[in-house]
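Participant: Each chain, written out:
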Amino acid sequence: MITMQLLIGIGAICGVSTVLAVIMVIADATIANYGEVKVRINEDKELVVPGGKPLLGSLMEQKIFIPSACGGRGSCGLCKVKVTSGAGEYLATELPWISEEEKKENIHLSCQLKVKKDIGIRIPERLFNVKEYAAEVVSLKDLTYDIKQVTMKLLDPMEIVFKAGQYIQFQVPEYELSKESVYRAYSVASQPSVKDSVELEIRLVPNGICTTYVFEHLKEGERITINGPYGEFFLRDSENEIVFIAGGSGMAPIKSILYDMREKGSKRKARYFFGARAVRDLFLVEEMKELEKDLENFSFIPALSEPEEKDNWTGETGLITDVLDRHLENGDGTEAYLCGSPGMIDASIKTLTKNGIPEELIYYDKFA
Amino acid sequence: MKQTVQLARIQEKMRPGIITRDGFIGTDRRNLIDILVEDDATVKRMDLTHDIIARRMIDLRDAGLGGLGNFISVTPHFEVRVDSVRGKLPCPFGDPGIFPKTNTTVNNLKTGQTITFTDLHIHMIGSHGFYEGKGSSFRLEPAELVSILEIEKPHD
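These protein sequence lines are chains D and X, in that order.
Per the working numbering, residue 1460 is the first one in the first sequence, and the count goes up by one each step.
Per the working numbering, residue 164 is the first one in the second sequence, and the count goes up by one each step.
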């Protein structure tokens, strides 16, 4: 009897606590009025924004875009900013992403940090070059059964300036899989000289919110929104020999870099190792063969890990790391650029360093 | 069954917009304890444990990693691909660490069925017996999972 009363008591307390917590969250989101607050950036610019909203969204409304791959859900950990004043305590949702060193530096996740009072932040100057673009989908093309090429004409602004290898964020509107619009990051596949449009290569991810939208809903003629450019993955200016390694949609930034090299008349020696399972997973092979003709020191080396009998494949076989290992002789004077899955990149780095390419000359864009 | 205070707190974290935009519960109106108990009973009826299921998922995921982002054949009649998307997720049960958004897709070539699971799924199943609530986009039905991955009780 006493036990039953105790359980009822605990249940009642638990229920009341839950209801109060929900009421507080709802009240904070709907009733609380923080008025206007100031965001001071780099001790230089000052913005006035409505209080109570996440910093990431507040900055976005002022056309300042902090890189974020998850659309502000606190699941990518990319949107970190240094807060110089007015931060307050860390939220539980931030803590998994913030190291002890970052805590000392007062680094916060801008998507989780709500601006309830005046705040000072420091962000890289290059982010002021990031813009939001209205665009129209002008072409959707299947490159393979699970990779689609999406080409968008820029409407406003009508031109983009970026470095070959960088990425943009694609805004997925509300639809059946997503109750609100979200952003996803994709490397630009077109070269920087093409300023009035942007080409992406997107691989279908099972249950992926953006890729499902692109594969099942996106139509030619549709208006969409992107922002960018972002990222530190671009060709370094040197005389070193280049090794490119990619798989799947990792083709995109490498293609952009190669087309840019062609336009600039690059004479650097470059080899491009592209890993796929079978012929049906290969794409843009003709374009790469054309590049071999136009770039005098460039060779394209596709490799199949499990070619099918019908493929009649006579090229390289095996995992891309095995093929790489067979081709690399001496890593002296060589730098490498990798784009693909974390597994592929980690395995490739091991092979590259084993062959004498120093880690500081290995640049990569991990899908993670 | 009576929900503990601790499970009630965890269930709050599973609501949409806390850890993930859509949450882990979907349209399921039951208490977390009832979701766990029902799935546990399903697994026991199949003479299996959550640990056995999670271990099979890990084995297939690890085999798939060998494909370096492409599908790879796995005996006897599976093909597996491990994809990653940018981002990581913490466990709603409050365990330490964050889990990369790694999707393992398994095609059972014998039955023609396909299933996709994440590293967080593996952890939640192995450590908590949690397959997500009904109506959640990422719910894994235990019976379907066992069927597609052909999970059997290990022979002694």
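For the record, the hints were derived by calculation from the structure and aren't laboratory data.
Everything numeric in this text was worked out from a predicted model, so none of it was measured.
Virtual Cβ for every residue (Gly too), placed ideally from N, Cα, C.
There could be a bad hint or two in this list.
[What the hints assert, rightly or not] Heads up, simulated DSBU-like pairs for lysine-lysine below, C-alpha to C-alpha not over 30 Å straight-line:
1) Lys273/X - Lys1562/D
2) Lys251/X - Lys1825/D
3) Lys1769/D - Lys251/X
4) Lys207/X - Lys1607/D
5) Lys1497/D - Lys1576/D
6) Lys1512/D - Lys1600/D
7) Lys1825/D - Lys1590/D
8) Lys1541/D - Lys176/X
9) Lys1573/D - Lys176/X
10) Lys251/X - Lys1563/D
11) Lys251/X - Lys1607/D
12) Lys251/X - Lys1522/D
13) Lys1600/D - Lys1541/D
14) Lys273/X - Lys1573/D
15) Lys1622/D - Lys1576/D
16) Lys251/X - Lys1590/D
17) Lys176/X - Lys1575/D
18) Lys1512/D - Lys273/X
19) Lys176/X - Lys1512/D
[Said to hold, decoys possible] Just so you have them, the derived chain X footprint on chain D, three or more residues with Cβ under 8 Å:
20) 1577–1589
21) 1609–1622
22) 1731–1742
Participant: Give a verdict on every hint.
Facilitator: Evaluated hints:
With a CA separation close to 52 Å, the supplied pair Lys273/X and Lys1562/D exceeds the 30 Å bound. For the given pair, Lys251/X sits about 13 Å from Lys1825/D by alpha-carbon distance, which is consistent with the 30 Å threshold. Of the supplied pair hints, the one linking Lys1769/D and Lys251/X is violated, its CA atoms being roughly 39 Å apart against a limit of 30 Å. Under the criterion of a C-alpha separation no larger than 30 Å, the hint pairing Lys207/X with Lys1607/D is inconsistent with the structure, at around 43 Å.
Proposed proximity of Lys1497/D and Lys1576/D is supported: the alpha carbons are some 7 Å apart, at most 30 Å. At most 30 Å may separate the alpha-carbon atoms for a hinted pair to count; Lys1512/D and Lys1600/D exceed this at roughly 39 Å. Taken as a hint, the Lys1825/D and Lys1590/D pair is honoured in the structure, with Cα atoms around 23 Å apart against an allowance of 30 Å. Taking the CA atoms of Lys1541/D and Lys176/X, the gap is near 27 Å; set against the 30 Å cutoff, the hint holds.
The straight-line distance between the Cα atoms of Lys1573/D and Lys176/X is roughly 19 Å, inside the 30 Å bound, and the hint therefore holds. For the suggested pair Lys251/X and Lys1563/D, the alpha carbons sit about 23 Å apart, so the restraint of at most 30 Å is met. With a C-alpha separation of about 25 Å, the suggested pairing of Lys251/X with Lys1607/D holds against the 30 Å cut-off. With a C-alpha separation of about 26 Å, the suggested pairing of Lys251/X with Lys1522/D holds against the 30 Å cut-off.
Between Lys1600/D and Lys1541/D the alpha-carbon distance is near 41 Å, which puts this suggested pair outside the 30 Å criterion. Distance restraint check for Lys273/X and Lys1573/D: the Cα-Cα separation of roughly 51 Å exceeds the 30 Å cut-off, and the hinted pair is therefore not satisfied. A distance of roughly 37 Å separates the Cα atoms of Lys1622/D and Lys1576/D; the hinted pair therefore is violated under the 30 Å criterion. In summary, the hint linking Lys251/X to Lys1590/D is supported, as the alpha carbons are separated by about 26 Å, within the 30 Å threshold.
Restraint check: the Cα-Cα separation between Lys176/X and Lys1575/D comes to about 23 Å, which is no more than 30 Å; the hinted pair holds. A threshold of 30 Å between alpha carbons decides the hint, and for Lys1512/D with Lys273/X the separation of about 52 Å lies outside it, so the pair is violated. A hinted pair counts as satisfied when its Cα atoms are at most 30 Å apart, and Lys176/X with Lys1512/D qualifies at roughly 20 Å. With a threshold of 8 Å between beta carbons, the proposed coverage of the segment 1577–1589 of chain D by chain X is violated, since 0 of its residues qualify and at least three are required.
Given as covered by chain X, the segment 1609–1622 of chain D fails the check, having 0 residues with a CB less than 8 Å from a CB of that chain where 3 are the minimum. Coverage of the segment 1731–1742 of chain D by chain X holds. Counting CB-CB distances below 8 Å, 4 residues qualify, and the rule asks for three or more.
Going through the hint list in order, the structure does not satisfy hints 1, 3, 4, 6, 13, 14, 15, 18, 20 and 21.
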